[in-house]
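Top line first, the protein sequences correspond to chains A and B. Note that the first sequence ends on residue 293 in the working numbering; no numbers are left out. Note that the second sequence ends on residue 1187 in the working numbering; no numbers are left out.
FYI, nobody ran anything at the bench for these hints, they're computed from the structure. Heads up, some of the hints might be wrong.
Said to hold, decoys possible - Here are some chain A residues the structure puts well away from chain B; computed CB gaps all over 12 Å:
#	residue
1	LEU33
2	SER45
3	ALA102
4	GLU122
5	ALA126
6	GLN164
7	ARG168
8	ARG176
9	ASN179
10	SER259
Stated by the list, open to error - Derived DMTMM-like pairs: lysine to aspartate or glutamate, alpha-carbon spacing no greater than 20 Å straight-line:
#	chain 1	residue 1	chain 2	residue 2
11	B	LYS1171	A	ASP38
12	B	LYS1175	A	ASP38
13	B	LYS1171	A	ASP35
14	A	LYS104	A	ASP38
Don't be surprised by glycine CBs; every beta carbon is placed ideally from N, CA and C.
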Amino acid sequence: MKLSYYPGCSLEGTALDYDHSVREICAKLAVELVDIPDWNCCGASSAHMTDHEIGLRLPMRNLLLAAEAGHDILVPCAACFQRLKAADKALRENPVYWDVDATKYSPAFEIIHISTLLAEAEILAAIKEQVVCHLDELAIACYYGCLSLRNPRVTDAVDWEMPQTLERIVAAVGARPVNWSHRTECCSGSLTMARPDIAEKLVGDIVTAAKRAGAGAMVTDCPMCQANVESRQTLEGGPDAGMPVFYATELIAAALSGSYPVRQQKVHLVSPTVLSRAVTGVGEASSSKEDSR
Amino acid sequence: MENNSISPDQRSEKFLGKLRTRNIDVQACYQCGRCSAGCPIGDFFDLNVMEVVRLAAYGQEDRLLHSHAIWLCAACETCATRCPNEIEIAHLMDVLRELALRKNIAPAEPRIPLFHRSFLGSVGRWGKAYEIGMIANYKIKSKDLMGDMKLGLNMFLKGKLKLVPHSIDNKAEIKAIFSGKGKEYDR
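Please construct the entire structure, taking both the sequences and the accompanying hints into account.
Structure follows, in structure tokens:
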């Protein structure tokens, strides 16, 4: 499988490790990624919230660049995904308005968010086949946030109130997804810098809900959610009291390699020992667990 | 909402026309309240989401442009997703923010549009978001120099913030996008 790849700005900065894990596991799962040449920022929330045309023309430039290659576009960031989808719909609806020659934009390509790809049956099968370390000890709260799902008229999400993709992925590496309440609640997104008080309230509710459900960690597929939930939790307690948030691809990379490098652990703002313990702990008992499967 | 009077004198036909061209059918609201009920930030709003929709239906543009709600909305799209009449409420919030900025109306939450401007300033300059540059710009403009110092330092030490911006090659195309050649407004 060959896909155009749109990493987005976060994956070159605060979420650089997300980019590494996406590339690592795609290579193992026979998904070839071709970076969109000279891609630019999608504009994120700030553009569409303050200027309609800039908010659509920025992602459109990337679509037109990708249309030349013609492969489906893989997007690991939920915000970028939603902006590219919105631009794609606008462009297909009225190319003339956006100064685009319709004959140059009739691509069959789709814009795919990472979890949708990873939860496809054949990819899940490949993950299960390649797992060297089942993460049996981990109770995980799968956290989707907003923008890979909403608005479904833009994202084409099917189960926007009850998505299942992350749960399927988490189960494929042997971890245990928990049933909990705040899977699709907002983390406050771009408000986090200007109104940290609101971010702390929303993140506090989310983390409390995850704890109440017995989760030891959260898994997400959005770099904004990851950064906000790890940076805005204000729980009392020792260094292990916090709720670490792993990227779905980070979890898969650990399960497929059987290791969770210190370099990767150090990137977290909340102690990620629950995953390193699961990786090393399970390693010792893996043979007996293989038998039981 | 403390003052719940509606003034026909302040009904803006131009604003209502703009909503029609953007397919934001605020007249379809029958006040079920699902938008307000699901809003994750509603506790912090001065007008609740349904009040924003209703004021828009009455063309009360001026009241809305001065509200906190339009800036506190995080564009999570929960309201528009759950609206039984598929009113594009999140797009309504976008239109209101854009109008407020274009009309130079002092924002009720000044730091939030400053953040957006700092973010877009970096995108306009490099073609990509440059986190440290954007944060520094926001901190200076908002005068919020001390907030999140510890977090920022922590993120820097963890290598999450890059000192050098990533730049795209074809900056001319980005410049054109930001030049205001769009058609929607008379710029």
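Evaluation of the provided hints:
1. The claim that LEU33(A) lies off the interface holds: its Cβ sits roughly 18 Å from the closest Cβ of chain B, which is beyond the 12 Å cut-off.
2. Against chain B, the non-interface label of SER45(A) is violated: not every CB pair exceeds 12 Å, the least being about 5 Å.
3. Every beta carbon of chain B lies more than 12 Å from that of ALA102(A), the smallest distance being close to 17 Å; the non-interface claim holds.
4. Consistency note on GLU122(A): stated as away from chain B, and its beta-carbon is indeed over 12 Å from all of that chain's, at 30 Å minimum.
5. Non-interface status of ALA126(A) relative to chain B is upheld: no Cβ of that chain comes within 12 Å, the nearest being about 31 Å off.
6. With 12 Å as the threshold on Cβ separation, the claim that GLN164(A) sits away from chain B holds: the shortest Cβ distance comes to roughly 17 Å.
7. For ARG168(A), the requirement that its beta carbon stay farther than 12 Å from each beta carbon of chain B is met, with the minimum near 22 Å.
8. No beta-carbon of chain B comes within 12 Å of the beta-carbon of ARG176(A); the shortest separation is about 27 Å.
9. At roughly 20 Å from the closest C-beta of chain B, the C-beta of ASN179(A) stays outside 12 Å, upholding its exclusion from the interface.
10. Remark: the non-interface label on SER259(A) is consistent with the geometry, its nearest Cβ contact in chain B lying 20 Å away (cut-off 12 Å).
11. For the hint pairing LYS1171(B) with ASP38(A), the CA-to-CA distance comes to about 10 Å; that is within 20 Å, so the pair holds.
12. Restraint check for LYS1175(B) and ASP38(A): satisfied, since their Cα atoms lie roughly 15 Å apart, inside the 20 Å limit.
13. As the CA atoms of LYS1171(B) and ASP35(A) are separated by approximately 18 Å, the hinted pair is consistent with the 20 Å bound.
14. Under the criterion of a C-alpha separation no larger than 20 Å, the hint pairing LYS104(A) with ASP38(A) is consistent with the structure, at around 19 Å.
In this structure, the one hint that does not hold is number 2.
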